[in-house]
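Participant: Sequence:
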Amino acid sequence: MKRRALLLGFLLLPTAARARTTKQASKKQSARPAPKPAPPAPAVRSSAGLQPLKEAKTQLVDFNASPFPYRGFIPGTNKPFLDVRDGKRRGHTTLRGDICWEDTTYSDRRSLLYLPAGFNPELPSLIVMFLHGQGATLERDVMQRQGVPRQVSESGKNVALVAPQLAVDAADSSAGNFWRPGHFAAYIDEAAERLMRLYGDKRAGPRFNAAPVVIISYSGGYLSTAYALERGGAVYRVKGVILMDSLYGDEDKFAGWAAARRQLGFLLSAYTDSTRDDNAALQNMLAKRRIRYVSALPPSLAPGTMAFVSCGGADLHGDFVTRAWTADPVKQALSMIPGYEQTIPSKPEPPARAKKRV
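Going by mature numbering (1 follows the signal peptide of the UniProt record, and there is no 0), the letters in the sequence shown line up with residues -19 to -1, 1 to 339, in that order.
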């Protein structure tokens, strides 16, 4: 998608000439016509008008590019996603054999949008996409129980948050439209436009359109993340991936992304015993591709960082977004990304010169 560049500048206004007293002109001398006033300069709004938000802004809004409803097939099969009928109702049979109905589980088009107080599109910014796990809703879990907007705010980073509703309060990790090639890119493009509207100034649009994306995936969000990385159509936008006990398969898709972005992106996978074997499988794939990784929390999430952090037993899984290797791990992980501060760091004053002795 072509991006339009926002051309910014100041117009130089003409200064008024000083009035001068002249002698009365001779009758023989023809009077010169008064010069026509210069036309008023068109008003140009400078980018300096983009200001940090005084208060946080939150919105739950329907997306056209939402993950659901989804009327396609399950990837790699000829099986339609909605494979059950009961009169006019249509449903999906999960891997556990349960039936989840479209009208109650796969029809919520909403996404959570959040801009923290102090967010300033004038400064370098990130779009964080949070993909929730099974049995979750945006209001009850992402916003309240896990406190994702709060953790984003407390990170101190210039971050805009977007979180799509996946399967509503169900034991299902289906990716829906994220299974479709290019759909992740369409979703991010729509998110950028809606974040611009939430901010309230269309001049911020190009900034959101160009902002790199960090995907944070918890638990069952791994499947949407995997397909977004493999066929989402916006790999160049993804600056980093943070997995919160969120690797239950499709390791090859994560390894492929890491190979493509090995010097440009970062990967942090924090896990419990629940996903220990899957993380080991991904580590082996990285090693075969000669991609270096560390098995400890790195000092920062700089480009090229690939890190795996073991956090303990599977009993931690349910509260992993608020209690992993530390309390509020989303907050800490975001704070480890270099740059993207909400305020412009002040330049150090030059050292004072010693006075010469007379």
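Keep in mind that the hints were calculated from the coordinates and are not lab data.
Treat the hints with caution; some may be incorrect.
What the hints assert, rightly or not - When the alpha-carbon atoms are kept at most 27 Å apart in a straight line, the in silico DSS-like pairs for lysine-lysine are as follows:
| no. | residue 1 | residue 2 |
| --- | --- | --- |
| 1 | 312 | 220 |
| 2 | 269 | 38 |
| 3 | 183 | 234 |
| 4 | 35 | 269 |
To be verified - So the derived label-pair ranges between C-beta atoms look like this:
| no. | residue 1 | residue 2 | range |
| --- | --- | --- | --- |
| 5 | 69 | 230 | 14 to 24 Å |
| 6 | 31 | 283 | 46 to 56 Å |
| 7 | 98 | 191 | 17 to 27 Å |
Since we're looking at a predicted model, the values are computed, not measured.
All C-beta atoms in this analysis are idealised placements derived from N, C-alpha and C, irrespective of residue type, glycine included.
Participant: Which hints from the list above does the structure break, by number from lowest to highest?
Facilitator: Structure breaks hints 2, 3, 4, 5, 6.
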